[in-house]
Amino acid sequence: KTPVGYEIDFSKALAKVMGLKAKIMHAQFDSIIPAIGSKYNVGISGFTVNAERMKSVDFITYANAGLSFEVRKGNPTKVDPKNLCGKKVTLETGTVGEPIMEEAKKQCAAKGNKPLEIMSFKEQTDATTALLSGRADVMYADTPVAGYASIKNPGKLEILENSKDSEPMGAAVKKGDAAMLKAVKAGIDKLMKSGVYKDILKKWGVEDVAIEKSVVNPKL
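Numbered per the working numbering, the sequence shown finishes at 341, counting up by one with no gaps.
For the record, the hints were derived by calculation from the structure and aren't laboratory data. Here the structure is a predicted model, which means the values were calculated and not measured. Hints are supplied without guarantee of correctness; some may be wrong.
[Unchecked claim] BS3-like mimics (lysine-lysine), calculated; alpha carbons at most 27 Å apart, straight line: (1) Lys273 with Lys144; (2) Lys296 with Lys334; (3) Lys160 with Lys306; (4) Lys334 with Lys306; (5) Lys194 with Lys176; (6) Lys133 with Lys232; (7) Lys314 with Lys142; (8) Lys144 with Lys319; (9) Lys296 with Lys160.
[Unchecked claim] FRET-style restraints, in silico, Cβ to Cβ: (10) Ala307 with Ala231: 23 to 29 Å; (11) Arg256 with Glu173: 45 to 51 Å; (12) Lys176 with Gly233: 22 to 28 Å; (13) Lys142 with Lys323: 35 to 41 Å; (14) Lys176 with Gly140: 27 to 33 Å; (15) Thr198 with Lys142: 43 to 49 Å; (16) Lys243 with Glu173: 17 to 23 Å; (17) Glu238 with Asn338: 35 to 41 Å; (18) Pro275 with Ala156: 31 to 37 Å.
A virtual CB, placed ideally from N, CA and C, is assigned to each residue, including glycine.
Go ahead and model the full structure; you've got the sequences and the hints to work with.
Okay, structure coming up:
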């Protein structure tokens, strides 16, 4: 499968302004950060910047995004984001939404409610398919991921609500690689200044993730 999306276009444009040609590698989400600096030069895959990830990589921000609950059109299984007990939630393994759902699962059990079932997939496309096919009741994903699923499947899905405030997303580079950090930061700044950055976001319908200024390792 050829990977597509705003981050793919962004990665290609970033390489171009750095005088390089991007070689896009497809990988399972939770395998990327451990391989930054050995297998990959840069990781751009919807990584929310958090303290745990910053222990092993440095980040240069390029977007802000929250998390969204997405259901099939018309919400046929009557999903209430405030009470997911008894529902099947699909998500991608290793994303920031996973521990949030694990906590919700514990709460359901502690209250003696029907169990919340988490369906965790190594590939986002499989998580989306689980929702579309009816195996899952709701998908929990980064807002741009949920938005892209809606665009790809017109009339089939709807976003119930955005559940988590926007947080910075960043391009990951090897911890302490000052030259790579500087080069990627300069490239992102160029894309923002030229307007290419906003054009890419507009093309994919995710303008709401735009940031005005890229920063290195933002304070959380």
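So, going through the hints one by one against the coordinates:
no., hint, result
1, Lys273 with Lys144, "holds (24 Å)"
2, Lys296 with Lys334, "holds (21 Å)"
3, Lys160 with Lys306, "holds (20 Å)"
4, Lys334 with Lys306, "holds (10 Å)"
5, Lys194 with Lys176, "violated (40 Å)"
6, Lys133 with Lys232, "violated (48 Å)"
7, Lys314 with Lys142, "holds (20 Å)"
8, Lys144 with Lys319, "holds (22 Å)"
9, Lys296 with Lys160, "holds (14 Å)"
10, Ala307 with Ala231: 23 to 29 Å, "violated (50 Å)"
11, Arg256 with Glu173: 45 to 51 Å, "violated (30 Å)"
12, Lys176 with Gly233: 22 to 28 Å, "violated (37 Å)"
13, Lys142 with Lys323: 35 to 41 Å, "violated (24 Å)"
14, Lys176 with Gly140: 27 to 33 Å, "holds (31 Å)"
15, Thr198 with Lys142: 43 to 49 Å, "holds (46 Å)"
16, Lys243 with Glu173: 17 to 23 Å, "holds (19 Å)"
17, Glu238 with Asn338: 35 to 41 Å, "holds (36 Å)"
18, Pro275 with Ala156: 31 to 37 Å, "holds (35 Å)"
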